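J.: The residues making up each chain are set out below.
Number of protein chains: 2
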Amino acid sequence: MSDRRTEILRAATRVIARRGVRGLRVGELAAEAGVSTSLIYYHFSDRAGLLRRTLDFISDRADHYTAEPDPAPRTEDPRADLEQVLLLELQDTVEVRENSIAWGELRATAVFEPDLREDLARTTHTWVHDVAELLARADPGGTAPAHAAAAERLTALVEGLSVRWHSGSLPVEHARLLLRGAIGAELDRHDPAGRGAPAAAAGAGSGVGFGRS
Amino acid sequence: MSDRRTEILRAATRVIARRGVRGLRVGELAAEAGVSTSLIYYHFSDRAGLLRRTLDFISDRADHYTAEPDPAPRTEDPRADLEQVLLLELQDTVEVRENSIAWGELRATAVFEPDLREDLARTTHTWVHDVAELLARADPGGTAPAHAAAAERLTALVEGLSVRWHSGSLPVEHARLLLRGAIGAELDRHDPAGRGAPAAAAGAGSGVGFGRS
DNA sequence: GTCTATACCGTGATAGAC
DNA sequence: GTCTATCACGGTATAGAC
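For the protein sequence lines, the chains are A and B, in the order given. Heads up: the first sequence at position 84 corresponds to 84 in the working numbering, and the numbers run straight through without jumps. Quick note: to get the working numbering, add 213 to the position in the second sequence (first position is 1).
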């Protein structure tokens, strides 16, 4: 599984996270992977094929990413589980940032290249489905369609916040706060009594959040 | 105001909406604008300068876009005003789609080009501020920081839904439904009594919304 | 200000040895 | 499978006439 080919794909993900999909130069990728240019053309037919495989790779990794978080944590506090899974995408570690940026690039690229859309829609759907399940546990009173809709909103919000983060319009910490607030807004609608103190998370530190990165 | 230079910028926006920022070829832009290649280099120093000006142009247009909706509609029903302003961005007309895609490209590009971030953050901030004001009118009971936070969430959600729309993961109509639901979730939290029937908007048609475009 | 023609170079892709 | 060397083309940018 960890042959030269996959090494190249991993390197490609790094380069994409650094330069973007259309900023990727085969030469730079070769250097990053520590191989020659032609070896890349040996393993992948051409630049387009390389890109396709890399984006599949990113897509797959995103799948596992959301599915992997050991089956354990999903039992005790459903709301905490939900928060954890969603906040996972808004962490300032190399790994997450790399994946997040690459995923954003995948989305952005798909706007102009229809070939990528199928993969994208499939992975997105999986993610939404997972979140909907977590929502159902955190809010047993709600209906399935309502959970699905909330999951679509929350995951779309995560993507929206991510680009703002990566494009320097929003510090990560503030993004995390906002996401927590959104989860609160979604859950408190069906549970007006409220069980935590979502108001604190929702309001804290906002209003002056925009700025450099 | 509508000289050759601005014509080129308008054409550049169209090309960017069609090919993306990094997909823009000076030659293609020249053809689109009906001028020669070198005229573009006459008006703008180089490709980078052209891009900078174009992105400024898009940024400015986005400013007016959200500010323009005649001062009139902002009086009667505050909640309807809010919905109108936000849903404006999710309309399937050439003009809106063009602007929306170009704006998304601006964001995506800024991830890899720090020079663009300042403009981006400024325009975003303006937008968020406007929405926060509308929220304050629609929900006089809430605090200013809460309104600011909600505005950041709603605008980020609009951006998230937009890319999903443009990348073929989400039909516009469904995106609009989801956005309405989010507005409901934000407002109903502070007004548990509820004045409309947000549940209908939130649940309708969801669960099977993903698919081709 | 606007054009035509062209120089130059970065980058994708191939040939062929090992 | 992996390398070095090289080609060919597309695209940015410029020269110079009008």
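Think of the hints as simulated: they come from the structure by calculation, not from any bench. Only a predicted model underlies this, so the values are computations on that prediction, with no experimental measurement involved. All residues carry an ideal CB built from backbone N, CA and C; glycine is no exception. Do not rely on the hints blindly, as some may be mistaken.
Claimed, not checked - Incomplete in silico selection of chain A near chain B, CB under 10 Å:
| id | residue |
| --- | --- |
| 1 | Ala33 |
| 2 | Ser36 |
| 3 | Gln84 |
| 4 | Val85 |
| 5 | Val94 |
| 6 | Ile101 |
| 7 | Arg107 |
| 8 | Val111 |
| 9 | Ala150 |
| 10 | Ser162 |
| 11 | Val163 |
J.: Taking the closest Cβ pair, is valine 163 (chain A) under 10 Å from chain B?
T.: Where the cut-off is 10 Å and the nearest Cβ of chain B is about 5 Å from valine 163 (chain A), the hint holds.
J.: Per the CB criterion, is serine 162 (chain A) less than 10 Å away from chain B?
T.: With a closest approach of 8 Å, the serine 162 (chain A) hint holds.
J.: Does the interface hint hold: is isoleucine 101 (chain A) within less than 10 Å of chain B, judged Cβ to Cβ?
T.: At about 6 Å, which falls below the 10 Å cut-off, the nearest Cβ of chain B leaves the hint on isoleucine 101 (chain A) intact, so it holds.
J.: Quick check on alanine 33 (chain A) please, does its C-beta sit within 10 Å of some C-beta on chain B?
T.: Interface hint status for alanine 33 (chain A): violated (20 Å vs cutoff 10 Å).
J.: Under 10 Å, Cβ to Cβ, is where valine 94 (chain A) needs to be relative to chain B, so tell me if that hint holds or is violated.
T.: Constraint on valine 94 (chain A) not satisfied, violated at 16 Å.
J.: Holds or violated: is the Cβ of alanine 150 (chain A) closer than 10 Å to a Cβ in chain B?
T.: With a closest approach of 8 Å, the alanine 150 (chain A) hint holds.
J.: Do the numbers back the hint for valine 85 (chain A), that is, is its least Cβ distance to chain B under 10 Å?
T.: The hint is violated - valine 85 (chain A) has no Cβ within 10 Å of chain B, the shortest such distance being about 17 Å.
J.: Does valine 111 (chain A) meet its interface restraint, that is, does its C-beta lie within less than 10 Å of any C-beta in chain B?
T.: holds, 5 Å
J.: Under the criterion of a CB-CB separation shorter than 10 Å, is serine 36 (chain A) in contact with chain B as hinted?
T.: violated, 26 Å
J.: With 10 Å as the cut and Cβ atoms as the points, is arginine 107 (chain A) at the interface with chain B?
T.: holds, 5 Å
J.: When the nearest CB of chain B is found for glutamine 84 (chain A), is that gap smaller than 10 Å?
T.: Status violated, d = 19 Å.
Checked against the numbered hints given earlier, the structure breaks hints 1, 2, 3, 4, 5 and satisfies all the rest.
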